[in-house]
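Trainee: With the hints as extra help, turn the sequences into a complete structure.
As given, the protein sequences belong to chains A and B, one line each in that order. When the letters of the first sequence are read in order and numbered with my numbering, they come out as residues 4 to 179. When the letters of the second sequence are read in order and numbered with my numbering, they come out as residues 29 to 180.
These aren't lab readings, by the way, just hints derived from the structure by calculation. Be aware that a few hints might be false.
[Claimed, not checked] Computed beta-carbon distance windows for the label pairs: (1) B:Ala-149 <-> A:Phe-86: 28 to 38 angstroms; (2) A:Tyr-26 <-> B:Leu-102: 23 to 33 angstroms; (3) A:Ile-30 <-> B:Asn-34: 28 to 38 angstroms; (4) A:Thr-19 <-> B:Lys-137: 43 to 53 angstroms.
[To be verified] Listed below are the simulated DSBU-like cross-link pairs for lysine-lysine, each with C-alpha atoms no more than 30 angstroms apart in a straight line: (5) A:Lys-59 <-> B:Lys-148; (6) A:Lys-140 <-> A:Lys-74; (7) A:Lys-74 <-> A:Lys-132; (8) A:Lys-59 <-> A:Lys-126; (9) A:Lys-92 <-> A:Lys-74; (10) A:Lys-60 <-> A:Lys-126; (11) A:Lys-126 <-> A:Lys-74; (12) A:Lys-59 <-> A:Lys-74; (13) A:Lys-140 <-> A:Lys-60; (14) B:Lys-137 <-> A:Lys-74; (15) B:Lys-74 <-> A:Lys-140; (16) A:Lys-132 <-> A:Lys-60; (17) B:Lys-74 <-> B:Lys-137; (18) B:Lys-148 <-> A:Lys-74; (19) A:Lys-60 <-> B:Lys-74; (20) B:Lys-74 <-> A:Lys-126; (21) B:Lys-148 <-> A:Lys-60; (22) B:Lys-137 <-> A:Lys-60; (23) A:Lys-140 <-> A:Lys-59; (24) B:Lys-137 <-> B:Lys-148; (25) A:Lys-60 <-> A:Lys-74; (26) A:Lys-132 <-> A:Lys-59; (27) A:Lys-59 <-> B:Lys-137; (28) B:Lys-74 <-> B:Lys-148; (29) A:Lys-59 <-> B:Lys-74; (30) A:Lys-140 <-> A:Lys-126; (31) A:Lys-74 <-> B:Lys-74; (32) A:Lys-132 <-> B:Lys-137.
Please read these numbers as outputs of a predicted model, since none were measured by experiment. All residues carry an ideal CB built from backbone N, CA and C; glycine is no exception.
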Amino acid sequence: MLLSLALWVQATDFFTYLRGSGYAYPIVLSMHMVGIAFFGGMILMTDMRILGLAMKKYPVSDVVDQLRIPKRWGFLLAGTCGFLLFCCKAEEYYYNIFFRLKLTLFFLIFVHAMTFRGSVYAKAGEFDKRGIPGRAKVAAVLSLVLWAGVACMGRGIGYIEPPWGIHAQLFDLLHL
Amino acid sequence: MMLIENPLNESELSFPILECIHIVSFAFSVGTIALVDFRLLGLGMKRELPSQLHRDTFFWTLGGLISMILSGLLLFSSDPDNYYLNWAFDLKMVFLLLAIVFNYTIHRKAALSDPPGGAKAVGGISLFLWGCVLFGGIFIGFLNSTLDFSQI
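Mentor: Pasting the structure below:
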C-alpha cells in the first residue's frame, strides 16, 4: 500500500522531471541545507540558552518566544524541500534504513514536543524568575540529540545505493 | 612517485561522520550569523539590540566556523583532485572567503552600531553570501570532476 503510493508519486511527470534534472534537484537539496543552517541554528541556540550555555544575558523567554515563529518558517522550508526530495526517489527511500530511522526520529520529536510543550516551552516566562528547572534541561538535551540525529540520518540516506541491500530482498521475498 | 595514503580513506565511515560534523558545525556558525541577520532585517529577536546579539553569539559563531573549516579541510583531503577540478568547489571557496570577510568587517560594524547603518542591506547580503556557500557545497557532489558548463 505505502510502496504503491511511493511508486505512483515518483512516476508523476513533475517528480520524473525533478529526479532527472541536472540543476533543479540539487537546487532543492541546497534549499534544504539553507533551511538546516538558518533555522537549525535557532533550535541549537534555544536549547543552549535553556542549558545556560549561550546567550545567558537574555531572559529564557526572550529566546524561546522570539524564535518560535521563525523556527516554524524554517521547518516549513526544510520540510517542504525534504518532501520534494523524498517524492523524487520515493521507492528508494521506502527501503532506505536511514530514511526510516529519520522518520522514527521525527516521530520522537513529535512526542517530545507534545510532552514538553506545556511544561517547558510555554512556561519560559516563569524560568526568568525562578530559574531553569531540571525538566527543561532534560527537554533541551533530548532536543539537541534528536535534531542532531535527524541531520546525521539525513546524510546517511545518500549512502545507501540501490538495490538497497537486504531490505529490498526481504520485501521482495515477502511480496510486499 | 611515492604515494602517501590518507588515513581518512582507510575507513568507509570517516567521510560520512565528518560530513555530519560539518553539517552540525554550519548549523552553529551560519545559524548564529543568520540570527543576527534576521535581527538586522527586523524579522526576529526584536527585543534585543543587534549589537547585543552579535556579541552574545560571537563565540558560537567562531567555534562553529573553526569546526566547519577543520572538518571541511579533512573532507577535502580525502580526494583533493576531485575538488580541485570541480567548479562548484571553486565558487564555494570564493563565496566562503567573501562571506567570512564580510562577516568580520561590514557585518560586524553594522551590527555593533546602534542603530545599525544600512541594516537591511547588510543582513540581506550576509544571508545571500552564506546561502551561496551552501549551494556550492551541494553542487560539488553533483558535478563529479567535470568542468561542464553546457548544462547551465
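Trainee: Does each hint hold? Answer for all of them.
Mentor: Verification of the hints:
1. About 33 angstroms separates the C-beta atoms of Ala-149 (chain B) and Phe-86 (chain A), a value consistent with the hinted range of 28 to 38 angstroms.
2. Restraint check, Tyr-26 (chain A) to Leu-102 (chain B): a C-beta distance of roughly 28 angstroms satisfies the suggested window 23 to 33 angstroms.
3. Taking 28 to 38 angstroms as the suggested C-beta distance range, the pair Ile-30 (chain A) and Asn-34 (chain B) conforms, at roughly 31 angstroms.
4. The supplied range of 43 to 53 angstroms is met by Thr-19 (chain A) and Lys-137 (chain B), whose beta-carbon atoms lie about 49 angstroms from each other.
5. At roughly 26 angstroms between alpha-carbon atoms, Lys-59 (chain A) and Lys-148 (chain B) fall within 30 angstroms of each other, so this suggested pair holds.
6. Taken as a hint, the Lys-140 (chain A) and Lys-74 (chain A) pair is honoured in the structure, with Cα atoms around 20 angstroms apart against an allowance of 30 angstroms.
7. As the CA atoms of Lys-74 (chain A) and Lys-132 (chain A) are separated by approximately 25 angstroms, the hinted pair is consistent with the 30 angstroms bound.
8. Restraint check for Lys-59 (chain A) and Lys-126 (chain A): the C-alpha separation of about 17 angstroms stays at or below 30 angstroms, so the hint holds.
9. With a C-alpha separation of about 27 angstroms, the suggested pairing of Lys-92 (chain A) with Lys-74 (chain A) holds against the 30 angstroms cut-off.
10. Straight-line distance between C-alpha atoms of Lys-60 (chain A) and Lys-126 (chain A) comes to about 18 angstroms, which keeps the hinted pair within the 30 angstroms bound.
11. Taking the CA atoms of Lys-126 (chain A) and Lys-74 (chain A), the gap is about 18 angstroms. The hint holds against a cut of 30 angstroms.
12. Taking the CA atoms of Lys-59 (chain A) and Lys-74 (chain A), the gap is about 20 angstroms. The hint holds against a cut of 30 angstroms.
13. Distance hint between Lys-140 (chain A) and Lys-60 (chain A) is fulfilled; the C-alpha atoms sit about 18 angstroms from each other, no more than 30 angstroms.
14. Proposed proximity of Lys-137 (chain B) and Lys-74 (chain A) is supported: the alpha carbons are some 27 angstroms apart, at most 30 angstroms.
15. Distance restraint check for Lys-74 (chain B) and Lys-140 (chain A): the Cα-Cα separation of roughly 25 angstroms lies within the 30 angstroms cut-off, and the hinted pair is therefore satisfied.
16. With a CA separation close to 14 angstroms, the supplied pair Lys-132 (chain A) and Lys-60 (chain A) stays within the 30 angstroms bound.
17. Of the pairs offered as hints, the one joining Lys-74 (chain B) and Lys-137 (chain B) holds, with about 19 angstroms between alpha carbons and a cut-off of 30 angstroms not exceeded.
18. Our distance criterion of 30 angstroms between C-alpha atoms is met by Lys-148 (chain B) and Lys-74 (chain A), whose separation comes to about 20 angstroms.
19. At roughly 15 angstroms between alpha-carbon atoms, Lys-60 (chain A) and Lys-74 (chain B) fall within 30 angstroms of each other, so this suggested pair holds.
20. Restraint check for Lys-74 (chain B) and Lys-126 (chain A): the C-alpha separation of about 20 angstroms stays at or below 30 angstroms, so the hint holds.
21. In summary, the hint linking Lys-148 (chain B) to Lys-60 (chain A) is supported, as the alpha carbons are separated by about 25 angstroms, within the 30 angstroms threshold.
22. A distance of roughly 21 angstroms separates the Cα atoms of Lys-137 (chain B) and Lys-60 (chain A); the hinted pair therefore holds under the 30 angstroms criterion.
23. For the hint pairing Lys-140 (chain A) with Lys-59 (chain A), the CA-to-CA distance comes to about 14 angstroms; that is within 30 angstroms, so the pair holds.
24. With a C-alpha separation of about 13 angstroms, the suggested pairing of Lys-137 (chain B) with Lys-148 (chain B) holds against the 30 angstroms cut-off.
25. Using a Cα cut-off of 30 angstroms, the hinted pair Lys-60 (chain A) and Lys-74 (chain A) holds, with the two alpha carbons roughly 21 angstroms apart.
26. With a C-alpha separation of about 14 angstroms, the suggested pairing of Lys-132 (chain A) with Lys-59 (chain A) holds against the 30 angstroms cut-off.
27. With a CA separation close to 23 angstroms, the supplied pair Lys-59 (chain A) and Lys-137 (chain B) stays within the 30 angstroms bound.
28. Of the pairs offered as hints, the one joining Lys-74 (chain B) and Lys-148 (chain B) holds, with about 14 angstroms between alpha carbons and a cut-off of 30 angstroms not exceeded.
29. With a C-alpha separation of about 17 angstroms, the suggested pair Lys-59 (chain A) and Lys-74 (chain B) falls inside the 30 angstroms cut-off, and the hint holds.
30. A threshold of 30 angstroms between alpha carbons decides the hint, and for Lys-140 (chain A) with Lys-126 (chain A) the separation of about 13 angstroms falls inside it, so the pair holds.
31. Between Lys-74 (chain A) and Lys-74 (chain B), the direct Cα distance comes to roughly 15 angstroms. Compliance with the 30 angstroms bound is thereby established for this hinted pair.
32. As the CA atoms of Lys-132 (chain A) and Lys-137 (chain B) are separated by approximately 34 angstroms, the hinted pair breaks the 30 angstroms bound.
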